[in-house]
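Chemist: Single-letter residue listing:
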Amino acid sequence: MANNPDLGAAFERDEPAFVPYLAAGDPDYDASIEYVEALARGGADVIELGLPFSEPIAEGKTIQDAIVRALDAGMTPDRYFEFVEELAVDVPLVCMTYYNLIYQYGDEEGPRPFVEKAADVGITGFVVPDLPAEEADPLRTACDEFDLDLVFIVAPTTRGERLDRMREQVSGYVYVQARLGTTGARDDVSDQTDESLARIDDWDVPKAVGFGIKEGDHAARIVRAGADGIIVGSALVDIVADGYEDDTPVAEVANRLEAKARELKQGALRGAEQRAEAGGD
Amino acid sequence: MSETGKFGQYGGQYVPEALMPAIEELTDAYERYVLDNEDGFMDEFRERLRDFGGRPTPLQYADQLSERYDTDVYLKREDLLHGGAHKLNNALGQVLLAKYMGKERIIAETGAGQHGTATAMAAAHLDMPCEIYMGRTDINRQRPNVFRMRLNGAEVNPVTVGRGTLKEAISETMRDWATTVETTHYVIGSIVGPDPFPRMVRDFHRVISDEMREQSRERLGRLPDSVLACAGGGSNTMGAFAEFVEDDAVDLIAVEAGGSSLAVDEDEGVAPNSATLSTGDEGVLHGARTKLLQDSDGQIMESHSVSAGLDYAGVGPELAHLVDTGRVTPANVDDDAALEGFHRLSQEEGIIPALETAHAFGYLHENPDAVGDVTVINVSGRGDKDLETVIEETEKRDLDVDVDMSVFDTAGGAM
Numbered sequence: 001m002a003n004n005p006d007l008g009a010a011f012e013r014d015e016p017a018f019v020p021y022l023a024a025g026d027p028d029y030d031a032s033i034e035y036v037e038a039l040a041r042g043g044a045d046v047i048e049l050g051l052p053f054s055e056p057i058a059e060g061k062t063i064q065d066a067i068v069r070a071l072d073a074g075m076t077p078d079r080y081f082e083f084v085e086e087l088a089v090d091v092p093l094v095c096m097t098y099y100n101l102i103y104q105y106g107d108e109e110g111p112r113p114f115v116e117k118a119a120d121v122g123i124t125g126f127v128v129p130d131l132p133a134e135e136a137d138p139l140r141t142a143c144d145e146f147d148l149d150l151v152f153i154v155a156p157t158t159r160g161e162r163l164d165r166m167r168e169q170v171s172g173y174v175y176v177q178a179r180l181g182t183t184g185a186r187d188d189v190s191d192q193t194d195e196s197l198a199r200i201d202d203w204d205v206p207k208a209v210g211f212g213i214k215e216g217d218h219a220a221r222i223v224r225a226g227a228d229g230i231i232v233g234s235a236l237v238d239i240v241a242d243g244y245e246d247d248t249p250v251a252e253v254a255n256r257l258e259a260k261a262r263e264l265k266q267g268a269l270r271g272a273e274q275r276a277e278a279g280g281d
Numbered sequence: 001m002s003e004t005g006k007f008g009q010y011g012g013q014y015v016p017e018a019l020m021p022a023i024e025e026l027t028d029a030y031e032r033y034v035l036d037n038e039d040g041f042m043d044e045f046r047e048r049l050r051d052f053g054g055r056p057t058p059l060q061y062a063d064q065l066s067e068r069y070d071t072d073v074y075l076k077r078e079d080l081l082h083g084g085a086h087k088l089n090n091a092l093g094q095v096l097l098a099k100y101m102g103k104e105r106i107i108a109e110t111g112a113g114q115h116g117t118a119t120a121m122a123a124a125h126l127d128m129p130c131e132i133y134m135g136r137t138d139i140n141r142q143r144p145n146v147f148r149m150r151l152n153g154a155e156v157n158p159v160t161v162g163r164g165t166l167k168e169a170i171s172e173t174m175r176d177w178a179t180t181v182e183t184t185h186y187v188i189g190s191i192v193g194p195d196p197f198p199r200m201v202r203d204f205h206r207v208i209s210d211e212m213r214e215q216s217r218e219r220l221g222r223l224p225d226s227v228l229a230c231a232g233g234g235s236n237t238m239g240a241f242a243e244f245v246e247d248d249a250v251d252l253i254a255v256e257a258g259g260s261s262l263a264v265d266e267d268e269g270v271a272p273n274s275a276t277l278s279t280g281d282e283g284v285l286h287g288a289r290t291k292l293l294q295d296s297d298g299q300i301m302e303s304h305s306v307s308a309g310l311d312y313a314g315v316g317p318e319l320a321h322l323v324d325t326g327r328v329t330p331a332n333v334d335d336d337a338a339l340e341g342f343h344r345l346s347q348e349e350g351i352i353p354a355l356e357t358a359h360a361f362g363y364l365h366e367n368p369d370a371v372g373d374v375t376v377i378n379v380s381g382r383g384d385k386d387l388e389t390v391i392e393e394t395e396k397r398d399l400d401v402d403v404d405m406s407v408f409d410t411a412g413g414a415m
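Residue numbers (UniProt numbering), protein chains in the order written: chain A, 1 to 281; chain B, 1 to 415.
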């Protein structure tokens, strides 16, 4: 991993960004390196790389299971940092984890040691699902010190003052949660997405939509609705899980991930074309 | 207590963004209905606690224990509250609050099943649909309570991830809430979770220490020298302590589950105890900053106790704060001492306590000189739910009480 590529730049190109998620170390360290690199080959513009926490309250069953596999295979914060250093990808990496792991790391109290180490190994930003804007000041301060981004999640229930509070703190991109619930692939795309995007239409950070996107057509639909990027987790983790359960060779699973990544990226590009034809921006 | 929901450095609101609007809505409802008695909410709550719940519960002098330990031992009989535990105070308060808020559905987690049964009872009483999440391990060791919930019309959803105990049940209930937050209220079962839950749950249980004070004044003409309560998440503990916090002369002793050992196995991620106040470190879990059983990376440990209701890796942030400031003394007794306390109270006072409660009696037995001349012990629940566990655990141990289990040897193998 080279030094921290710019997160904003990944969205600035004239095309929608594809942001896949995998849990680092799922189902084991070496295979997981291959899988993350396959996503980059498949067209990832940013990768959200999960650092597994034992109590992932925002995750649905698919990602909970991935986290259990990764923890059972020995993933820890220190192993995670080695993992990031070893990855041969040149897209920005966003660390997605829960606050207790960030808070506990290192000898010094607070999030600073974790952020310092993350910056050192090449992480570009953070998404912390159990850290609302109200509690985020210490992490925001540490991110500013090391020039890292802090991504916030806008939920379908987020309104009014909460949006303002988040707008002040967010950097890199904003993660638009497409529907209520936990993470997990769905067969439909919610109308809540359009409403959520409309509420933050005038924000100057890029808007990436996640929760439930499973296929290229979903990706197209989301981009048509105005998203600057799409975030996909469970649909990719499903491929890792199936490969693990069926004992599929790592190279074959990596190929499937690369193909799925390509499908999703192509879907997003298609959505952008359709949006342009329809006279959108 | 500051307006931001912190107790010293503990507390706060560490939850997914999707839940934050619901938490703001709940904070507003708590302040209006509970703190300001808007629309007579607290009047209705107290009336229902009296008529449906059976409050006030007695303060009883324990003749045999007082003689044995040469100190005046009083029992606050929360086991006599409807449902057999203190849990109804909070469950009834929150289900009623949900009704005032216009919510249509109740969800709750449960460990020992006491909070689940209390919530199921309150939901039936107030005509609200109710679903309870319960760890698979706990379902197996608390079967009578599972059936009680079903009898009251609640759905019981088994949680199979992890070790299948309270920690996993709380996580799963939070996931349900993140999906259904607009119509559903989450009745959290202890003084844990994001603000306003810790202070709201405490306020619904405050009636315990409120009655204790009044009953002590009437009966003794004075306050007790100490109040003892078992502590898992800490709801009966804070209920028994809340009104005494300002009375510096009253010692407040929180007795945790020492389990089988206070040692920790980092490699396996197991702490064979639930002694969070005594041995835990500060961290963030289930919406609050508090003391936790965790490894050096911050992964949460699997806790253990013979009593399902104490088996939790966290503790209420207010208790963590009161321990740090020295106002509450943390203590712990192991599984054997709790079982001995269980048998002793059953034999000598005719009260079969919950295994959770039995920890407080284990402490009294080990430290009779630490409680002063007059002590009040919160009998947080009755032990009917624990009988299967007690039979099993007593048979495999060499306890320091005289328990004759031979009736099962001659009964024809029905057990």
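It cannot be assumed that every hint is accurate.
Calculated Cβ distances over 10 Å to all of chain A for the following chain B residues [claimed, not checked]:
hint, residue
1, Phe52
2, Gln64
3, Lys167
4, Thr179
5, Glu211
6, Glu243
7, His286
8, Asp297
Reference listing, derived: stretches of chain A covered by chain B, where coverage requires no fewer than 3 residues with Cβ under 8 Å from a Cβ of chain B [unchecked claim]:
hint, region
9, 53-59
10, 64-74
11, 158-171
12, 221-227
Bear in mind the hints are in silico, worked out from the structure with no lab data behind them. Each residue gets a CB set at the ideal place from its N, CA and C atoms; glycine is no exception.
Chemist: Go through the numbered hints given earlier and state which of them the structure violates, listing their numbers in rising order.
Modeler: Checked against the structure, the hints that fail are numbers 3, 4, 7, 8, 12, while the rest are satisfied.
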